[in-house]
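Peer 1: Here the protein sequences line up with chains A and B, keeping their order.
Following this note's numbering, the numbering of the first sequence begins with 2 at its first residue and continues without gaps.
Following this note's numbering, the numbering of the second sequence begins with 2 at its first residue and continues without gaps.
Bear in mind the hints are in silico, worked out from the structure with no lab data behind them.
Take these hints with a grain of salt, some might be off.
[Unchecked claim] Mimicking DSS-like on lysine-lysine, the simulated pairs with C-alpha atoms at most 27 angstroms apart in a straight line are:
#1 A/K6 / A/K80
#2 A/K6 / A/K16
#3 A/K83 / B/K16
#4 B/K16 / B/K80
#5 B/K83 / A/K80
#6 B/K80 / A/K80
#7 B/K80 / A/K16
#8 B/K80 / A/K83
#9 B/K16 / B/K6
#10 B/K6 / A/K6
#11 A/K83 / B/K83
#12 B/K83 / A/K16
#13 B/K16 / A/K80
#14 A/K16 / B/K16
[Claimed, not checked] What follows is a list of derived Cβ distance ranges for each label pair:
#15 B/Q35 / A/D100: 30 to 38 angstroms
#16 B/D107 / A/D107: 35 to 43 angstroms
#17 A/T106 / B/R141: 16 to 24 angstroms
#18 B/K80 / A/E133: 40 to 48 angstroms
#19 B/V89 / A/G139: 39 to 47 angstroms
#20 B/Q158 / A/E136: 44 to 52 angstroms
#21 A/E174 / B/G98: 38 to 46 angstroms
#22 A/F168 / B/N39: 36 to 44 angstroms
#23 A/G82 / B/V89: 26 to 34 angstroms
#24 B/L163 / A/D100: 32 to 40 angstroms
#25 A/R114 / B/I11: 26 to 34 angstroms
[Stated by the list, open to error] Here are some, though not all, of the chain B residues that point toward chain A, as calculated from beta-carbon distances under 8 angstroms:
#26 Q35
#27 V36
#28 Y69
Positions of the beta carbon are idealized from the N, C-alpha and C atoms, including for glycine.
2 protein chains.
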Amino acid sequence: MSITKYIRTISDYPKPGIQFRDITTLLNDAEGLQVCINQITDRYREQEIDHVVGIEARGFIFGTAVAYTLGVGFVPLRKPGKLPGPTVGIDYQLEYGEDRIEMHTDAIREGDRIILMDDLIATGGTAEAAIELIEGVGGRIIECCFVIDLPDLGGAQRLRELGHSPFSLCQFEGD
Amino acid sequence: MSITKYIRTISDYPKPGIQFRDITTLLNDAEGLQVCINQITDRYREQEIDHVVGIEARGFIFGTAVAYTLGVGFVPLRKPGKLPGPTVGIDYQLEYGEDRIEMHTDAIREGDRIILMDDLIATGGTAEAAIELIEGVGGRIIECCFVIDLPDLGGAQRLRELGHSPFSLCQFEGD
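My request is simple: use the sequences and hints to build the entire structure.
Peer 2: Below, the structure is given as structure tokens:
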């Protein structure tokens, strides 16, 4: 079953010409949330996974439910200054300006098998930064999992070119 | 089983004299995450709940796993400017300065039975603002659920005085 019907499109947000794909209607719907998390966890249930890593903030929403259901731990990648222990971090480019994500240095061990989780892949800049952080401490990324892919923005293709496997539950073209 | 052993304490964060209770070690531990989410969902499984509402960002981490496991929908309360649809919002006082949380206007219907979820209750300012938002659109809060309570900071007591039922999985005194 496609989850597309649970996702609301809001035109001209956050600026004119943008079709914003809103996952809050998916989350709000008991059936939608079941279908979404079940589709993700069914994909990884037979695989040996050590951690699900979720990117702040919407990656937290999906990542912990997936980690709990798979019976593995969850690792948050956070915006700067939010994690209390020793961290590693990485700066990355946005369309306008820069951003940074951080991870606890001891969150992932050498060889850990990781699912990277976020709500959406657009240009892929955040995912690429997350991959660099995780691999930098020796984590092995089994798959990068997104609820939504906007393929016209090229992020999934970029991850494939870097040797990674992006997976998404649904795609919206023409964005 | 107490979840206390999974929580790491980091002294003098974010400033001298503060004992920071770090839930990332709980999340990171597959068993810790199971115990935590199971204890919360066991408490509400026999109750009729419509939505779990989680407060950005750590309330997202626990809230969606709880909502999914209970088979209900999840509603995020977000920092300003993050929700794409029409919102209601509320400003509230912090120890230093002000903050604001927002909710989609159509996220909760009159009479919906709600569990409010956050990682921690300290002075209770954020929880109180969340309660006002939820009740303002007609939601009925069945319980306010926290992973950690710092009772010396008085938040849980304040919620009780307002007629609410705060529940927490563990308490750290002397903070």
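Peer 1: Work down the list of hints and note, for each, if the structure agrees.
Peer 2: Hint check:
For a cut-off of 27 angstroms, the pair hint linking A/K6 to A/K80 is broken: about 31 angstroms separates their Cα positions. For the suggested pair A/K6 and A/K16, the alpha carbons sit about 23 angstroms apart, so the restraint of at most 27 angstroms is met. Restraint check for A/K83 and B/K16: the C-alpha separation of about 13 angstroms stays at or below 27 angstroms, so the hint holds. At most 27 angstroms may separate the alpha-carbon atoms for a hinted pair to count; B/K16 and B/K80 meet this at roughly 23 angstroms.
Between B/K83 and A/K80, the direct Cα distance comes to roughly 15 angstroms. Compliance with the 27 angstroms bound is thereby established for this hinted pair. Restraint check for B/K80 and A/K80: satisfied, since their Cα atoms lie roughly 14 angstroms apart, inside the 27 angstroms limit. Between B/K80 and A/K16 the CA atoms are separated by roughly 19 angstroms; this keeps the pair inside 27 angstroms, and the hint holds. Simply put, B/K80 and A/K83 have alpha-carbon atoms about 15 angstroms apart, close enough for the 27 angstroms limit, and the pair holds.
Of the pairs offered as hints, the one joining B/K16 and B/K6 holds, with about 23 angstroms between alpha carbons and a cut-off of 27 angstroms not exceeded. Between B/K6 and A/K6, the direct Cα distance comes to roughly 42 angstroms. Violation of the 27 angstroms bound is thereby established for this hinted pair. Taking the CA atoms of A/K83 and B/K83, the gap is near 18 angstroms; set against the 27 angstroms cutoff, the hint holds. Of the pairs offered as hints, the one joining B/K83 and A/K16 holds, with about 13 angstroms between alpha carbons and a cut-off of 27 angstroms not exceeded.
For the hint pairing B/K16 with A/K80, the CA-to-CA distance comes to about 19 angstroms; that is within 27 angstroms, so the pair holds. Between A/K16 and B/K16 the CA atoms are separated by roughly 38 angstroms; this puts the pair beyond 27 angstroms, and the hint is violated. Checked against the hint of 30 to 38 angstroms, the pair B/Q35 and A/D100 passes, with Cβ atoms roughly 33 angstroms apart. A hinted range of 35 to 43 angstroms for the beta carbons of B/D107 and A/D107 is consistent with their spacing of about 42 angstroms.
One distance hint, 16 to 24 angstroms for the beta-carbon pair A/T106 and B/R141, is violated here, with the actual separation near 44 angstroms. Checked against the hint of 40 to 48 angstroms, the pair B/K80 and A/E133 fails, with Cβ atoms roughly 26 angstroms apart. Roughly 45 angstroms separates the CB atoms of B/V89 and A/G139, a value that falls within the hinted 39 to 47 angstroms. At roughly 47 angstroms, the beta-carbon separation of B/Q158 and A/E136 lies within the given 44 to 52 angstroms, and the hint holds.
The given range of 38 to 46 angstroms is respected by A/E174 and B/G98, whose C-beta atoms sit roughly 43 angstroms from each other. With their beta carbons about 28 angstroms apart, A/F168 and B/N39 fall outside the hinted range of 36 to 44 angstroms. About 29 angstroms separates the C-beta atoms of A/G82 and B/V89, a value consistent with the hinted range of 26 to 34 angstroms. Look at B/L163 against A/D100: about 38 angstroms separates their beta carbons, and that is inside 32 to 40 angstroms.
The supplied range of 26 to 34 angstroms is met by A/R114 and B/I11, whose beta-carbon atoms lie about 28 angstroms from each other. Hint on B/Q35 holds. Least Cβ distance to chain A is approximately 7 angstroms, under the 8 angstroms limit. A hinted interface residue such as B/V36 counts as satisfied when its beta carbon comes closer than 8 angstroms to some beta carbon of chain A; here the least separation is about 11 angstroms, so the hint is violated. Annotation: B/Y69 was flagged as interfacial toward chain A, and the flag holds, the nearest CB pair being 4 angstroms apart, inside 8 angstroms.
Hints 1, 10, 14, 17, 18, 22 and 27, counting from the list given before, are not met by this structure.
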